Every structure is written in structure tokens, then in C-alpha cells.
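With chain L fixed as given, assemble chain H onto it according to the hints.
Chains as they are written, first to last, in my numbering: chain L, 28 to 419; chain H, 1308 to 1652.
There's no promise every hint is true.
As the list claims (entries may be wrong) - Just a few of them, taken from the derived set where beta-carbon distance is under 8 Å, the chain L residues facing chain H:
1. Ala30
2. Cys120
3. Asn133
4. Asn135
Derived by calculation from the structure, the hints in this document are not laboratory data.
Everything numeric in this text was worked out from a predicted model, so none of it was measured.
The beta-carbon is built from N, C-alpha and C at its ideal position, and this holds for glycine as well.
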Amino acid sequence: MRAVAWYGTEDVRVIDAPEPTIIQPTDAIIKVTKAAICGSDLHMYDGYIPGMKPGDILGHEAMGVVTEVGNDVRTLHVGDRIVVPFPIACGRCWYCDNQMYSLCDNSNPNAQVPEAMYGASPAGLYGYSHSFGGYAGGQAEYLRVPFADSDHIKVPASLTDEQVLFLSDIYPTGWMGAELAGIKQGDNVAVWGAGPIGLFAMKAAKVMGAEQVFAIDHVPVRLMMAERECGAVPLHRTELGMKGVQDALKSLTGGRGPDAVIDAVGMEATDPGLLGAYHKAKHTLRLEQDRPTALHEAIMACRKGGTVSVPGVYSGMIDKFPMGAVFGKGLTIRGGQTPVQHYAKELLQKVETGELDPTFVITHRMSLEEAPEAYRAFRDKSDGYVKVVLTP
Amino acid sequence: MASSTASHYRTSGGDRRNVGTADRVVSGLLGAWMITGRRRRRQGFGKVVAVASGVLLLRRAATAHSAVYERLGVSSADLGEGAGINIEQAVTINRPIHEVYEFMHDLTNLPIIFTHIAEVTVGPGDLSHWTLKAAPGSRAVSWDVRVLNDVPNEYISWMSVDGSSVQQSGSMHFTKAPADRGTEVHVKLRYRPPGGAWGFGVAKLLNGLTASGVGADLRRLKQLLETGSVATTEGQPTGPSPAELRDAEREQREARQSKSVPAHRGGAPLPTKTPTARLGEPMYPLKEPEPVVTRGFELDPAASRKIEGAPVPEVELERVLAGVEGVDALRPVAVEDEYRSGDDL
Chain L
28 MRAVAWYGTE DVRVIDAPEP TIIQPTDAII KVTKAAICGS DLHMYDGYIP GMKPGDILGH
88 EAMGVVTEVG NDVRTLHVGD RIVVPFPIAC GRCWYCDNQM YSLCDNSNPN AQVPEAMYGA
148 SPAGLYGYSH SFGGYAGGQA EYLRVPFADS DHIKVPASLT DEQVLFLSDI YPTGWMGAEL
208 AGIKQGDNVA VWGAGPIGLF AMKAAKVMGA EQVFAIDHVP VRLMMAEREC GAVPLHRTEL
268 GMKGVQDALK SLTGGRGPDA VIDAVGMEAT DPGLLGAYHK AKHTLRLEQD RPTALHEAIM
328 ACRKGGTVSV PGVYSGMIDK FPMGAVFGKG LTIRGGQTPV QHYAKELLQK VETGELDPTF
388 VITHRMSLEE APEAYRAFRD KSDGYVKVVL TP
Chain H
1308 MASSTASHYR TSGGDRRNVG TADRVVSGLL GAWMITGRRR RRQGFGKVVA VASGVLLLRR
1368 AATAHSAVYE RLGVSSADLG EGAGINIEQA VTINRPIHEV YEFMHDLTNL PIIFTHIAEV
1428 TVGPGDLSHW TLKAAPGSRA VSWDVRVLND VPNEYISWMS VDGSSVQQSG SMHFTKAPAD
1488 RGTEVHVKLR YRPPGGAWGF GVAKLLNGLT ASGVGADLRR LKQLLETGSV ATTEGQPTGP
1548 SPAELRDAER EQREARQSKS VPAHRGGAPL PTKTPTARLG EPMYPLKEPE PVVTRGFELD
1608 PAASRKIEGA PVPEVELERV LAGVEGVDAL RPVAVEDEYR SGDDL
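Isolated chain L, as found in the complex:
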């Protein structure tokens, strides 16, 4: 089969690989009908995620039709059309029992690696390095789904692939970003990052009762989408500068600051100023694992007693973290990988009723064969790339 595989920094190729087979009786195999490239895939593309090996198949946003099921699979049959949640969850451990699917105890065969880095291992992930299990990803013609009974979202024939594909990751992640921010009626919410996660978070924030939503980004196309699709107030980070953004947020909220802030940028935050240069230099030399400028700004802007929501992605250590501000202002920080399975039913319903149509983020549709070009342009944010959908 054809598949997108990682071969080094900025080296992603479409290669031939064997088709997946049933390895455990709880597995299912799907023929992938649509896959997508995620902003977090770009961290591997840029060489910032350790634990990658040449030949690793990428992709954690996939959907398709079941072609094979293992002997112990009870709730799936050949021919079922499903979306695959990106965290691999066994459905039997205490974490899964308590809806914390992205913290599953049992799905990472290399659990000792994150245990050394973080103290304990979260769930395994598709196509996201050997630290998280080294599972082959979904930017391919076929995908093996372990724990298939727990890890599928059946979708009705009345919805197109594009309407449901994002249930795998970005739609629940954006939604969770807003939910963790604890938004109440009348709150003002500032979102750093107007990519797909930020855009979904902004829409969700409005649904949850936000009075105003502010979108902070560098890229004009994304700010335009935030304004037009989500009704957000666009704040152009490069034009305003760090201080300009902080001042704007203060004045637009009557001097108080936003009640909740969402960091939908993550570890490769860019800042054209001095602080950004410092972090970029350290990051390039691998003296620092993540770049925290967006998080830093979000913390500084948040009003006292407010909430900082971090849908991610962060991978390691950051430098110059304003812990004093967090403590002094009594902030709550919440975050984590999305327990997609927990949100699936609720968010699928919103698609079915038309309350939220996720297709608005799609700007590019390409064939799997063009993935290398798509990765590069998506990373450079050129040509108006916001979300790419691939067809194998």
C-alpha cells in the first residue's frame, strides 16, 4: 500500500509499505477513505519530536471502512464506516473507565519512555513517534485499529467524509480547549492561534456563551477565517507586537483582561521579537524542547483568577515560564491530549443537526501522493494553508 512516512527533518515521503494485518484479536483494519495532516504532525516534520525512526508511517486523523476484524471484536463489522479517534484507548483501565481515554494505562508498549520523561505514560498515539508506542499512522491506504471496540466512531451515511473526519482529533480538541477554559455566559475569551484548533475553540467558546472572542495570529488568512467564520475579533500579532496585543486585550475587555485564555499554538510558537529569538535559538540548538511564547503571552493577558487552557501540543521542557504570574494572579492551568472518545457522541450530534459544520476549516484537498508538498506548505503557512485533507 502507499503510505506517508518520515525519513528525517523536513523529509517526508510517500512510499510503499505492506498492508496492516490483524495482530491481536481486538484489532480491526480499515481501508482509509480520508486522512488529514495535523499541525502537531509538523513538529515531527521539523524534527522536534524525539523517538522517530526512518520509515515510520505518519498520521493520526483518519477514517474509513472496516475491511477485517479480529476474533474478539464485538461491536464492529466488515463494511462499517468509522472515524478513528487519535488516542489509542483500551477501554478497560481505570482511566478509560473514567473517560480519560488519552491517559490510557495499557496502550503504549513503550510506556517506559514517557515514564522517564514525565513520570507516567499517557495513551499510545497513531503515527506520533516511538515514545508513544510507534503505532503506524493513518496517512496511508490501510490502518490497523487496536482495541477496535473502544476506539471507533460510527458515522451515518447521510454525512460526507469531510463532515466527520475531524471528529478524529481537531474538532474535539478545539472543543475541549474551550471547555477546559471554563467559559461562562458573558466571558471574554482570547485564543492564541487561529489554525484549525483555535478556530474550533473559538466556535465552541461562542456556543458556551462567550461575549467576545479574540483571535491572535500572524497569518492574515487565518485571522480572516477567525473573523468571518467564528465572529472573533482579529488581532494581528506581528503588526501589534506582544505589547500591542496585551494592550488591545486590556482595552477591549474594559481594562480587566480576558476571563479565559486558550493556547492553541503549542511548542513551536513564533514571536518576531527578542524573546522569540531567544527561544528559537535555544530550540534550534536543542537546549530547550518547546517554545513557550504563546503560553507566556496568554498567561500575562489572562485576568486575575482566570483560566488558562492548553490544548497543546507540548512535548518537553520550557524555559522562562512565568510561574510568578500564575501564582500571583491565582490562575488555573488546564490542558492535555484530547480524550476524543469522550466527546465523540456529543460532537457528532452537532454535525448531524447542522449546529456546527467542521468543513469550514478545509482549504486544501489533495491526494496522498502530494503529501510531501502539503507538509512543506502547511508548515510554511503559505498558499493559504489552514487544513489539508488527503485522499489515498
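Here is chain H on its own, set in the frame of chain L:
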């Protein structure tokens, strides 16, 4: 050996000495040499490293404590109780106590759980015969073990019989975890060789007889009891190695130069599953050409523009020709109309 069941609950407490006398002497001499020895070109950073490691070695000699040994659960100390390998690990398994107890109470399951144990055969009465996995190049060690205590759903403990080549004792303690978390299992394993713990300890590193090794064993046990199998990616697809890709490119270039259609998809032999094609066999079924569509930001994402008259690239042709065992006649072909409607999620 004066150990009794009570001693199994004695924590290491204040006495952290785990480095034996011979070990201390060697550490001390090595440390002193690192600090004072004159070596050519040892300057700058190299000197700092040498002095630092020398200081650490001297401290190890002085205090008879090694953090590394502690981490590994190894001791070269010649103090009665402490010598040898002492490992304590715990895991919480989301299954009822009796299920966990029954699995671990069956000593023949221990080799399934613990990497360092090769085999356990249950002998007459409360005796059993255990065999450790042999370190490479040495003979397997085995001895007889007697179960001392077996309280259902609470506690199992055992000890090697007197005169065994390896003195060994261990216990498993089961308690109900708080709230709905399942069962806590606390495992203590102690191995003491007849003499010279050092070599024994090092050899066992290779066999998983370390604190982290046993921790990983218990994690796999948890996976087994909670989900029925141990998570793995063995046998999953992966792309060819960079070397194989280079070979494939070279073959393609050569094939193009000789102007012949290669018998198989032009490239290096791929791992087993991908079939080789034979020209003349039915091409079933031809894949519907998907529109390669839409570049650039579009105001109406729903509109997609087909690129008219786009030639099917050579790669696509080759792929279709190369045979489609992957699209099996026996497998239902996935067609938009035939999707089942969603059940309860």
C-alpha cells in the same frame, strides 16, 4: 539466613548502605586516581568531569551507598539481610482481587509475568522448582522453593529451601485499591547469591532482574489482566529503510534506461505482504480516479474544481498494473451507498 515473614515488611529505612567492602576499596582508589592522577591533555572540561567523577566515587566509598545500585535494586554490601538483589514494585490492576490473586497464585504463571524467570514447575505439596533465565554465556540457575504462606486474596510468600545455590525469597501482597480502582499488588523479590554479589548483579541486569525490569513486568501483567493481551506493534507496517529506498531508486533508473517494464513494482523487494504482479492477469477492480483537487484558499470550501485532463501519472499506472491482491474479491468493496448507519457509539 534469618529472614522471616516479618522481615519482608521491613523497609530499608535508615540503613542505605548497599556497597560492599571490596567494592568500596575499588571505588576509593579509582576516585582518588581520577582526582589526582596526571594524564596528558586533561584540561578544561575534561578535568572538570574527571574531578567530579572522582568526588562521586570517593563519596561512594566513604558512605557505602550507591544511588545507581539503589535504583537497580542491587546491593554488594556484606550485611546479612541487605546483600543481593532486593526489588519492591507495586501495580494497581483494574480487576477484582480474586481474579488477580488466582492468576498470580498459580506459580506456573510467574514466567509469563517476570522476564527474569524462565520456568516454574510445581512439585509435591508446597514445593516448586524455579529456573532463572541464564545470562548469555552462563548456565541457567535453578533451585527449589517452598511456599511459606498462602492466604487467598491477601498474601503469598515463598522462600528457597535451605542449601539452594541461590537464596531467594519473595512475596505478593494483594489489597483492594481505594474507591473503584481495582486491586493493588505489591511484589517483593529478593535474590542472594552464595558470594560475590557484584557479578551476579551485573549479570542479572541482562535478564530483567532489576527494579525497572520488574516494574515493566507488572505493567505488562496489568495489560494482560485488564485487556487480555499485551500492547504491541510487532508485525505492523513500516516504510522501507533509507538504504532500501536508495536501491529502489537505482533499480527504477536502470529499468527506465533499459526501457523494459519491470516484472514487479519497480523497486527493491518489499517485505512479504505486497504481492508481485503478473502482466495479463485481470486488473480487478480499477480504482476510481479521485479528483486531485483544489489549491489555494477558497471562500467556498464545498466547491471543488477537478483539474481537467490531468494525465494519470506514471506511478499511478504502474501501481494499478502491479496487481491488486490488496483489493480482495472476497472483501466487500467499500462503496459510499453501502455504509451502515451509525449505531450507539
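Hints versus structure:
1. Ala30: holds, 6 Å
2. Cys120: Since the shortest Cβ distance to chain H is 5 Å, the answer is holds.
3. Asn133: holds, 4 Å
4. Asn135: holds, 7 Å
Of the numbered hints stated above, none is contradicted by the structure.
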